[in-house]
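Protein chains: 2
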Amino acid sequence: MNASTAASFSVMTPADLGLSAASTGRDVRLAARSGGFLGHTSGLAAEYVQVNLAILPTELAGDFLRYCQRNPKPCPLLGVSEPGEWTLPDLAEDLDLRADVPRYRVWRHGELVAEPSDLHGLWRKDLVTFALGCSFSFEHALLADGMRLRHVDEGRNVAMYRTNIPTRAAGVFHGPMVVTMRPLKAADAIRAVQITTRTPEVHGAPVHLGDPALIGIRDIMKPDYGDAVEIRSDELPVFWACGVTPQAAIAAAKPAFCITHAPGHMLVTDRLNQQLGRS
Amino acid sequence: MNASTAASFSVMTPADLGLSAASTGRDVRLAARSGGFLGHTSGLAAEYVQVNLAILPTELAGDFLRYCQRNPKPCPLLGVSEPGEWTLPDLAEDLDLRADVPRYRVWRHGELVAEPSDLHGLWRKDLVTFALGCSFSFEHALLADGMRLRHVDEGRNVAMYRTNIPTRAAGVFHGPMVVTMRPLKAADAIRAVQITTRTPEVHGAPVHLGDPALIGIRDIMKPDYGDAVEIRSDELPVFWACGVTPQAAIAAAKPAFCITHAPGHMLVTDRLNQQLGRS
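Listed in order, the protein sequences are those of chains A and B. Every number in this note's numbering is 6 more than the matching position in the first sequence, counting from 1. Every number in this note's numbering is 6 more than the matching position in the second sequence, counting from 1.
Just so you know, these hints were derived from the structure itself, not from any lab. Incorrect hints may appear among the rest.
Copies of the same chain look alike in the list, so a pair counts if it works inside one copy or between any two.
Under the rule of at most 27 Å between Cα atoms (straight-line distance), these lysine-lysine pairs were calculated in the DSS-like manner [stated by the list, open to error]:
(1) 79 to 228
(2) 191 to 228
(3) 191 to 79
(4) 131 to 228
Predicted, not measured: the structure shown is a model, and the values here were computed from it.
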């Protein structure tokens, strides 16, 4: 199942809803909350930190915290909610975790069973929300440095792949690392290593570059999530750890019930990307 | 002409002379000064900063200083002598620039005319010596991080190539950038970008990685200076700007007379590599 296929069911485009790179995080949240915006958030509210979500029953929260601690590159933890609460005060005011993500994924026993745009009928008092940093934040820094990113230029979701790089297990959670890929010329790839090294809270430096087969990717034009982009003859594919990794761990752990965001359909916070890299 | 071919004429190996990675800069200088050591200095006196040399008449010194200022990646200037003096007090005590390099190159009108191991018969009162940082210094940091470098493992000189990357001209000096190449696995290439970014005074981050043809290198197994090394299927060639670049500029500028070191046959100083990266 491809997240951008689901997004194409949406009648309203971001432009129809007045959303753009210049929007605020709150603009995007309110558009998602109203039910009008169901699309991916790549390129929107470019100044604001976007986050991956894992929403788990309390009984799994300890295992998941340890999983994040042991795998900081795919799972950089930016916020954890109080059990049952749908707020993350450190990341955003005026936030409703039950409605502010354009598209969620509901998982039962490791199977993806639904992609709702609202969780009101599914919310439980024992749910704990984990917010993980997202590569869209460092894209802001790459673009600010003058780089071009093809999926942004083309209005696509970023390409994501399951790899053969194992994560470190914690309790029930284990599985392969998921990565995002951006094609870059060599000099830009080197600059991108320098720039993204500065922000470990949004995945830090790349985990691989060059031959995709070396990390178990068979066909670079068939991403497991998001949209494929062309890689030109003078470019290298550059791979970063991705906050969709927990979804592979959830598929492996098969918890009775949990919720995530749909890949590329992020929660947009009030934090500014330019404030990252200062810890 | 291949510098390591010249080195093979030497009867005495570094081991014969008691030279190793554990030697001091002064040990290597004295071995060169005695005339016993004619070889390349890769892997020797690993704790100590090695430098590239350009020794030019005073009338060209201003142009060359500007050339270095405009091209800091290939030409990071660590020291400049007083005219006619064969010392560099900031870089080494007990230093004789006329004898302490294992092998020099003498250039007349842009042509390489000799590779002596001693300059006593050639020294002039108007010569100014420029000392430029060398990639052997950052190799120390890469090895300290646990990386393996094939040319070091195999006791070879590093592979160097003329590229199609232009330098910025200054006065009579212009020409292509020369680079060193080390084959690394992708994860090590990423770490190498991070580590070498910290030391701009010894060439800083790589200037290219991946396809050699993109920077004008036709045959990676035929370096223009130094020794070829194997690149395995799970490795990328990683390229750094090289302090041999001035030799390409001298070949282009064709000054009536000047002297350089022979590629890979460096002046070893008293400065410690671990003290780099603090400016």
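Consistency of the hints with the structure:
1. 79 to 228: within (23 Å within a copy, 39 Å between copies)
2. 191 to 228: This pair counts as both: shortest intra-copy Cα distance 21 Å, inter-copy 24 Å.
3. 191 to 79: Classified as both: same-chain Cα gap 23 Å, cross-chain 19 Å, threshold 27 Å.
4. 131 to 228: The answer is neither: 39 Å in one copy and 68 Å across copies each exceed 27 Å.
Of the numbered hints listed earlier, the single one contradicted by the structure is hint 4.
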